[in-house]
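Please construct the entire structure, taking both the sequences and the accompanying hints into account.
Protein chains in written order, with the numbering used here: chain A, 1 to 158; chain B, 1 to 158; chain C, 1 to 158.
Relax, there's no trap hidden among the hints.
Now the stretches of chain B that chain C is said to cover, found in silico as 3 or more residues with beta-carbon under 8 angstroms:
no., region
1, 8–19
2, 24–34
3, 46–57
4, 78–90
In short, the hints are calculated from the structure, not lab data. Just so it is clear, the structure is predicted and the values come from calculations on it, not from any experiment. Positions of the beta carbon are idealized from the N, C-alpha and C atoms, including for glycine.
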Amino acid sequence: MASTSSNITIIELLSYENPVLRAYIFYTCLLVLKILAMLFLIVPKRFQKKIFISPEDTVLRKGSVADTTDPDIERCRRAHLNDLESIPAFLFVAFFYVLTNPMEFLAINLFRLFTLARFIHTFVYAVIVIPQPTRAIVWGIGYIITIYIAVATAIHFI
Amino acid sequence: MASTSSNITIIELLSYENPVLRAYIFYTCLLVLKILAMLFLIVPKRFQKKIFISPEDTVLRKGSVADTTDPDIERCRRAHLNDLESIPAFLFVAFFYVLTNPMEFLAINLFRLFTLARFIHTFVYAVIVIPQPTRAIVWGIGYIITIYIAVATAIHFI
Amino acid sequence: MASTSSNITIIELLSYENPVLRAYIFYTCLLVLKILAMLFLIVPKRFQKKIFISPEDTVLRKGSVADTTDPDIERCRRAHLNDLESIPAFLFVAFFYVLTNPMEFLAINLFRLFTLARFIHTFVYAVIVIPQPTRAIVWGIGYIITIYIAVATAIHFI
Numbered sequence: 001m002a003s004t005s006s007n008i009t010i011i012e013l014l015s016y017e018n019p020v021l022r023a024y025i026f027y028t029c030l031l032v033l034k035i036l037a038m039l040f041l042i043v044p045k046r047f048q049k050k051i052f053i054s055p056e057d058t059v060l061r062k063g064s065v066a067d068t069t070d071p072d073i074e075r076c077r078r079a080h081l082n083d084l085e086s087i088p089a090f091l092f093v094a095f096f097y098v099l100t101n102p103m104e105f106l107a108i109n110l111f112r113l114f115t116l117a118r119f120i121h122t123f124v125y126a127v128i129v130i131p132q133p134t135r136a137i138v139w140g141i142g143y144i145i146t147i148y149i150a151v152a153t154a155i156h157f158i
Numbered sequence: 001m002a003s004t005s006s007n008i009t010i011i012e013l014l015s016y017e018n019p020v021l022r023a024y025i026f027y028t029c030l031l032v033l034k035i036l037a038m039l040f041l042i043v044p045k046r047f048q049k050k051i052f053i054s055p056e057d058t059v060l061r062k063g064s065v066a067d068t069t070d071p072d073i074e075r076c077r078r079a080h081l082n083d084l085e086s087i088p089a090f091l092f093v094a095f096f097y098v099l100t101n102p103m104e105f106l107a108i109n110l111f112r113l114f115t116l117a118r119f120i121h122t123f124v125y126a127v128i129v130i131p132q133p134t135r136a137i138v139w140g141i142g143y144i145i146t147i148y149i150a151v152a153t154a155i156h157f158i
Numbered sequence: 001m002a003s004t005s006s007n008i009t010i011i012e013l014l015s016y017e018n019p020v021l022r023a024y025i026f027y028t029c030l031l032v033l034k035i036l037a038m039l040f041l042i043v044p045k046r047f048q049k050k051i052f053i054s055p056e057d058t059v060l061r062k063g064s065v066a067d068t069t070d071p072d073i074e075r076c077r078r079a080h081l082n083d084l085e086s087i088p089a090f091l092f093v094a095f096f097y098v099l100t101n102p103m104e105f106l107a108i109n110l111f112r113l114f115t116l117a118r119f120i121h122t123f124v125y126a127v128i129v130i131p132q133p134t135r136a137i138v139w140g141i142g143y144i145i146t147i148y149i150a151v152a153t154a155i156h157f158i
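Written out as structure tokens, the structure is:
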């Protein structure tokens, strides 16, 4: 039980003075901005290739069509979807992991490493395609970190 | 640093008396209900058009097929996916933005405007298709609000 | 108003001693692990069928192709997408529902039932396909629980 293994309370952890909470919130913002930044990979390609997602979008640039088969654009959309599969899951469990009062050094570096892995994942998936297993490895780093955090937190609050 | 620019603590902000927190939670519920309401756009179309997503679903209505190419249904699914790309990202950063003790008037109106923009986005995308750039503009309002909130929160907790 | 209907404060609810919060966090971890576990449904099928999502992945196994039309793999991906549509929405509102000081028995069993329904949903969708309306029913259980929690929380914080 958390409450017996340490005498710190949740509300003491919810403090501006808690460096783990500050790091968590900072990397949350960075990861959200990273998801939003997918726009800058996808939209310029749409205008350049004149390929949009819906028929009514084709007025945005003369001579455009609606199509979902362009390999470059679909690659970016897959990277985006992979973010949606990975990042919210991490953010949910990592917040409650902060409330387990983890070791500061470990927790902050897990948050850092996850964030870095997700940035590299997008880069090797949708910016410059690097041969596999590069993408599999960086994806796996984020995956394993999330599992570790989820299991550690579940054990704490069981 | 947050803790030096104001003397209010996180736990003081986590109070039923904090109108910004109350507004955040209220609009969170509204946005979640909005995502769930996509069902009422998609499922009636599936029954009416006899087009389902999986082969086993075709028993739900005689004469149905499994297909993912119907333009009306796929339009609703794109609107749904756009919600998943936009709303959780906003909800994560906006919660921590509440903990930066933002100006009440600004914060509450950003939450309101984001929510309104997302409702209009779905309406012009999947209920009555309004010519572009209408959808691009309402999407952009939600996008810029999320970026502002993420950047303001990241700076606060850096 | 929450603050008048009970004298408990949010920070009193954010305690290791609050069984509703502990249950919420525990089921959050379980649901996140459940989303991540989709990997074990999808990736073995990709290797066995030699069908990957991106052209560069085909080096992972000799004789592979990139394809998104295999019915078994796409079925698992739809189950995965359904998780992304359902679980984060629930997790957001359920956290704030904890802060409405709900009846302990009701709240914990709603969390339990939602989690169970989502596990069964994936099982009948992507492990052993059970005839409809099985999947529709388990999906509907999670859906109705999320609506109830969102409405109850919105009313509390309006």
